[in-house]
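*Asks:* Here are the chains, one letter per residue:
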Amino acid sequence: MSILIDGKTKVVVQGATGRDGSFHTKQMLDYGTDVVAGVTPGKAGERIHGVPVFNSVEDAVNETGADTSILFVPHRFAVDAVNEAAAAGISLVVCVSEGIPILDMARVMKDLKNNSATRMIGPNSPGLISPGKSKVGIIPGQIMDQGNVGVVSRSGTLTYEVAHHLSHAGFGQSTVIGIGGDPIIGTGFIDVLRLFEADPETELVVLIGEIGGTDEEEAARFIKEKMSKPVVAFIAGQTAPPGRRMGHAGAIVSGGKGTAKEKIEAFRDVNVEVADIPSRIVDLVKAKLS
Amino acid sequence: MSILIDGKTKVVVQGATGRDGSFHTKQMLDYGTDVVAGVTPGKAGERIHGVPVFNSVEDAVNETGADTSILFVPHRFAVDAVNEAAAAGISLVVCVSEGIPILDMARVMKDLKNNSATRMIGPNSPGLISPGKSKVGIIPGQIMDQGNVGVVSRSGTLTYEVAHHLSHAGFGQSTVIGIGGDPIIGTGFIDVLRLFEADPETELVVLIGEIGGTDEEEAARFIKEKMSKPVVAFIAGQTAPPGRRMGHAGAIVSGGKGTAKEKIEAFRDVNVEVADIPSRIVDLVKAKLS
Amino acid sequence: MNIHEYQAKEIFRKHGIPVPWGEVAETPEQAKKLAADFGKPVVVKAQVHAGGRGKAGGVKLAAGAEEAETAAGKILGMEIKGLTVRKVLVTEAMDIAAEIYVGVLMDRKLGGPLFMVSAAGGIDIEQVARETPEKIHKFAVDPLRGLRSFEARNLAFRVMPDADSAKAAAKIFPCLYQAFADSDASLAEINPLIVTKDGEVWAIDAKMNIDDNGLDRRPEIAALRDADAEAPEEGEARNSELSYVKLDGNVGCVVNGAGLAMATMDLIKHHGGDPANFLDIGGSSSPEKVTTAMRIIYADKNVKSILFNIFGGITRCDDVARGIVEAVKGSPPPIPIVVRLTGTNEEEGRKILGKTDLIPAATMDEAVQKAVELAETPGGTA
Amino acid sequence: MNIHEYQAKEIFRKHGIPVPWGEVAETPEQAKKLAADFGKPVVVKAQVHAGGRGKAGGVKLAAGAEEAETAAGKILGMEIKGLTVRKVLVTEAMDIAAEIYVGVLMDRKLGGPLFMVSAAGGIDIEQVARETPEKIHKFAVDPLRGLRSFEARNLAFRVMPDADSAKAAAKIFPCLYQAFADSDASLAEINPLIVTKDGEVWAIDAKMNIDDNGLDRRPEIAALRDADAEAPEEGEARNSELSYVKLDGNVGCVVNGAGLAMATMDLIKHHGGDPANFLDIGGSSSPEKVTTAMRIIYADKNVKSILFNIFGGITRCDDVARGIVEAVKGSPPPIPIVVRLTGTNEEEGRKILGKTDLIPAATMDEAVQKAVELAETPGGTA
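Residue numbers (numbering that gives the first Met the number 0), protein chains in the order written: chain P, 0 to 289; chain W, 0 to 289; chain D, 0 to 381; chain R, 0 to 381.
Treat the hints as calculated values from the structure; they're not laboratory data.
Check the hints yourself; a few may be wrong.
Claimed, not checked - Counterexamples of contact, computed for chain R against chain P with all Cβ distances above 10 Å:
(1) Pro27
(2) Ala257
(3) Val324
As the list claims (entries may be wrong) - PhoX-like cross-link-like pairs, simulated, lysine-lysine; straight-line CA separation at most 25 Å:
(4) P/Lys42 <-> D/Lys206
(5) W/Lys112 <-> P/Lys109
(6) R/Lys196 <-> R/Lys39
Stated by the list, open to error - To give an idea of the interface, some chain P residues facing chain R are shown, with a C-beta separation under 8 Å as derived from the structure:
(7) Arg153
(8) His163
(9) Thr213
(10) Thr238
(11) Ser278
Idealized CB from N, CA, C, for every residue including glycine.
When you get a sec, could you build the whole thing from the sequences and use the hints?
*Replies:* Right, dumping it as structure tokens:
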């Protein structure tokens with residue numbers, strides 16, 4: 000088991016023939032992901048790394064039975080691509096694109112809710128990987144090992160850093176998922192925690208948060224009320240100045256809200272241990288799992 | 000029994016203080032309808048024929064428990080009024096207004112479907128009456144008698160004409176409903192036929208159609224497949240020239256489609272008798288019910 | 000309301016659809032000058048609210064100015080389906096490599112806009128729909144969000160001859176939908192959308208019908224109405240918010256409600272008469288509307304009797320009665336008027352009419368029979 | 000991005016919101032002339048990206064031109080929360096009978112726009128939210144359909160002092176929402192919306208923050224950026240699509256990914272150092288971005304060491320390595336550079352860096368410790 004993706008996941012890559020799309024299609028194939036189709040309007044009939052390319056997600060789904068999509072399209076086309084995936088009946092769409100206007104995402108979320116059963120991960124997400132089974136996104140597969148730790152994070156590379164330490168220390172992962180650094184995202188901490196709680200393979204969850212918003216505080220409440228499995232956390236941005244956006248559109252302390260201090264306290268209040276530096280997460284995991 | 004409205008229906012009148020709203024509020028009250036509230040923004044606290052007026056449907060629902068609304072607002076405000084009723088949780092909204100752009104109605108219908116459980120009757124509808132119980136709309140109550148004939152029609156006054164004959168001949172009505180003369184309406188023939196079929200009080204249905212569209216043809220199919228109760232019909236517009244709109248936005252024969260002849264044939268094909276003139280509907284009813 | 004091709008093309012142009020150069024001429028000389036200034040071969044096209052212009056000889060190719068003049072001379076004044084051609088569009092003649100049908104209409108059954116494309120372009124789409132419906136690709140547009148880019152692409156790839164023209168067409172389709180929605184159209188059609196030998200994509204014909212209910216809020220569209228294309232009384236009726244359609248019979252009718260008005264016409268025919276018009280005074284009628292209705296019917300010299308068939312709901316019988324009294328005030332009516340009033344404020348209405356020369360009737364059947372009889376009895380009374 | 004009150008008011012005005020007369024002055028003399036031409040009492044208001052202007056003395060009433068000049072003289076050049084005031088808005092002084100708060104912001108928890116109104120207008124709304132949250136009426140706007148008329152009315156009747164002003168406000172609220180949506184704002188606020196003694200309704204203050212992600216498609220909004228309000232390197236970084244925030248420390252950092260960049264800053268602090276900046280080179284990085292990043296950091300004279308912390312996912316380690324080599328080409332780096340490269344194309348990246356003077360590190364902890372040490376050792380090497 001794992002969450003959201005496994006060995007049976009059939010992936011279509013939207014924007015497969017572009018630079019990034021082509022590169023990561025190859026990476027996903029090399030990792031063992033069942034990439035069944037690529038989509039680039041006007042390039043139907045071509046192949047990319049052996050994968051057939053279609054003009055539309057609809058055609059790709061009809062021909063290949065793809066159920067999961069990942070976008071490598073410029074951000075101004077990302078909303079249309081998500082909508083296209085949803086309309087074609089894709090159940091999970093991973094949006095890597097960064098820089099999508101927040102209002103557009105609010106509209107997409109409302110539209111998905113009104114008109115489809117599609118779950119979106121991202122935007123501004125590195126995607127997810129269920130080690131040994133499938134990866135959908137840009138997470139480097141070589142640093143991951145299959146195991147029982149679920150990892151969920153608002154960040155990309157910080158997640159790799161943490162997973163790298165976990166793998167080195169012998170703690171493989173059930174699924175590692177980056178939910179994205181934007182203020183409005185398709186799948187939040189609580190959604191993922193609920194999935195990890197229900198996943199028999201996952202024994203412990205590592206949650207990596209950062210400044211901005213109150214998602215970590217709500218996650219803490221959820222952990223207290225609904226989680227039986229242990230959770231450990233790390234929060235980035237303790238030294239970030241207030242009022243400044245730290246890269247991620249969502250990473251900003253505004254009106255005195257969303258500080259790392261508040262989030263760390265919220266976790267400690269519900270007995271979720273928080274590592275002071277990334278490499279020490281391993282120590283917390285070790286303590287819980289042995 | 001009856002369909003859609005009965006003695007327990009609590010009505011809010013949107014636009015109650017205008018000329019038509021005030022007149023028909025009085026008429027409905029005189030008929031015995033439980034008009035519990037009026038709505039005119041800015042006139043909260045006033046009373047109209049003894050009925051309290053509120054600034055919003057939301058306030059009216061909260062204060063009075065109204066479940067059904069009827070609009071007497073100029074057509075350019077009708078869409079907003081329907082949306083307001085739906086957002087306030089009104090379950091049945093009757094739209095008398097004529098002249099609403101068709102695209103607006105398409106949008107309203109989609110929005111109601113996405114965001115509410117509200118049923119709309121109309122636009123361009125005279126409303127409905129369950130004789131002896133309640134009337135919501137502008138149908139003159141004095142011509143109706145309580146009984147077992149259900150009447151459904153795209154027209155207003157032609158319905159009165161037919162009901163008048165029925166009452167005179169001793170055939171009272173369970174519910175008389177005008178679904179409206181526009182091309183896109185909230186509740187169609189089939190919706191109403193399904194309700195009449197399920198209503199224990201209704202023994203026979205009179206369906207009054209007219210030229211334009213294919214609603215009558217679809218109703219004929221529905222009657223054949225799903226109705227156990229007898230249905231008799233009348234179709235207006237046999238002498239209407241093609242390509243010209245006969246008053247109702249929906250009453251137009253275009254591209255050779257939607258003629259009275261086709262509709263009459265569709266009914267006769269499924270053994271629904273069609274009266275050649277309105278006064279003879281009574282003879283058909285008499286034959287079926289005795 | 001129908002608008003002309005040249006008007007629809009102007010709307011398309013404003014919405015970003017590529018439309019070739021074209022100008023309107025009302026005389027052969029104007030057509031000649033336009034073609035001469037343009038300097039390349041043109042097509043001269045009748046501007047008239049009727050289909051099948053091509054078959055009727057209303058569309059002609061002209062290699063130069065002289066030919067354009069000749070073509071316009073033949074087309075202007077021509078009758079197509081009973082309508083006289085008063086304007087021609089002089090427009091660029093284009094090389095056609097492929098022709099596609101593109102249209103969007105308000106679909107009653109669907110309850111919203113239906114977008115349609117077909118590789119069988121340039122011919123009568125209703126014929127395609129009847130004979131080879133599988134050649135038309137249909138898509139239900141969500142009216143809350145319009146035609147989205149990927150939806151347009153999916154349609155375009157089904158009908159365009161190659162990837163480049165598909166991508167070009169996919170940019171045009173949402174513009175067509177927007178032109179449709181922003182105009183409150185009931186139909187907007189490009190037939191054909193062409194691909195030239197150079198791979199360019201152009202809308203070389205355009206058709207739009209407008210939802211009358213939308214004209215109030217689209218004054219710029221309402222202004223496109225061609226007054227020549229309708230009877231003058233129909234314009235007057237519309238300005239008074241009456242629904243009026245002129246017919247050829249001799250029994251004038253004034254009815255409240257479209258269904259009852261149609262049934263009244265049908266009943267006149269049933270009783271051996273011939274209706275002179277459809278006329279619905281609508282709900283919420285004022286006395287002014289009734290007097291206008293009577294003035295319009297008086298103006299029709301075929302009319303030998305007038306029938307009022309009023310069943311009051313939102314229309315009050317007293318209002319109608321007052322309107323009739325107002326209209327016949329001072330002088331007796333020139334032709335017999337049969338009045339049947341039932342419903343809301345019926346008593347008050349009857350009282351108002353009590354002291355006039357009007358012929359009362361208790362039922363619709365009686366009223367129609369009297370009116371038909373009177374129309375057939377020259378100068379007589381029933 | 001923040002914009003000034005006078006800019007937000009111009010956007011409001013274009014969206015149909017009633018905004019009183021006002022013009023911008025950059026000198027006391029200009030303020031005097033504006034007030035003199037206007038001829039009625041004015042308010043002189045500091046235009047600066049900071050709240051609490053009133054309390055800081057940045058808003059002054061002036062009965063006439065002389066007073067306006069004096070007021071502008073005091074306000075221009077004033078520092079408010081560390082920012083120097085360079086412009087004032089000279090605007091009509093109005094009689095206030097009632098003050099209302101109206102705002103719309105993008106609410107993360109809700110996942111969409113939240114409209115807020117309160118009868119407690121004219122004061123700090125965050126204080127109201129903390130102390131008397133029941134005084135704020137909130138409404139979740141459906142971003143697919145905007146704020147609808149009846150929704151605006153329902154809100155207006157809750158906070159406006161009478162029916163007439165409620166109806167006027169109900170027309171303004173959807174305009175505010177539209178201004179918000181059409182500008183890709185994250186916040187649009189009228190505080191206060193006033194009712195005058197004559198019953199007129201006016202927006203006398205205006206605040207808008209813009210979603211940076213929306214600026215690409217709103218060039219007219221992007222053009223409102225006040226270059227004086229940010230460090231020049233931040234502008235350069237933005238133009239190269241780098242996220243850069245200048246800080247006060249001496250360890251420059253170049254990191255890929257915002258989370259890792261923040262964690263790197265935190266770790267520098269943890270190891271006793273002080274980060275000189277936040278800098279995220281983002282995904283899909285090109286060598287050019289890396290060279291720009293280094294140029295920006297070199298320009299910060301406080302920086303004593305540079306730390307590259309790269310964990311390749313979509314960013315390829317070889318691209319980063321090429322960028323570093325390009326930037327140090329020809330001359331040895333003026334300050335020590337510690338490089339940690341892991342992830343996609345790690346081997347290729349290491350090879351490219353192999354023959355340079357750069358200081359390699361295997362882990363983030365090691366890299367940070369080295370960089371902190373080097374920053375504290377003047378001119379030294381680790």
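*Asks:* Does the no-contact call for R/Val324 survive, Cβ to all of chain P over 10 Å?
*Replies:* 21 Å, holds
*Asks:* Verify that the Cβ of R/Ala257 lies farther than 10 Å from every Cβ atom of chain P, and report whether the claim holds or is violated.
*Replies:* 3 Å, violated
*Asks:* Given the hinted pair P/Lys42 and D/Lys206, is their Cα-Cα distance within 25 Å?
*Replies:* Violated. P/Lys42 to D/Lys206 sits at ~33 Å, over the 25 Å cutoff.
*Asks:* Are P/His163 and chain R close enough, Cβ to Cβ, to be under 8 Å, as the hint says?
*Replies:* 7 Å, holds
*Asks:* If you take the shortest Cβ to Cβ gap from P/Arg153 to chain R, is it below 8 Å?
*Replies:* 6 Å, holds
*Asks:* Please check whether the beta-carbon of R/Pro27 is more than 10 Å away from every beta-carbon in chain P.
*Replies:* For R/Pro27, whose nearest Cβ neighbour in chain P is about 30 Å away, the distance exceeds 10 Å, so it holds.
*Asks:* Decide if the proposed pair is consistent with the structure: W/Lys112 and P/Lys109, CA atoms, cutoff 25 Å inclusive.
*Replies:* 14 Å, holds
*Asks:* Does the nearest C-beta of chain R fall within a distance shorter than 8 Å of the C-beta of P/Ser278?
*Replies:* Holds, because the Cβ-Cβ distance from P/Ser278 to chain R comes to roughly 6 Å (cut-off 8 Å).
*Asks:* The hint names P/Thr238 as touching chain R; please verify it with the least Cβ-Cβ distance against 8 Å.
*Replies:* OK, holds: P/Thr238 within 8 Å of chain R, min 5 Å.
*Asks:* Against the 25 Å threshold, does the CA-CA distance of R/Lys196 and R/Lys39 hold or violate the hint?
*Replies:* 17 Å, holds
*Asks:* Are P/Thr213 and chain R close enough, Cβ to Cβ, to be under 8 Å, as the hint says?
*Replies:* Holds, about 6 Å.
Violated hints for the displayed structure, listed by number in ascending order: 2 and 4.
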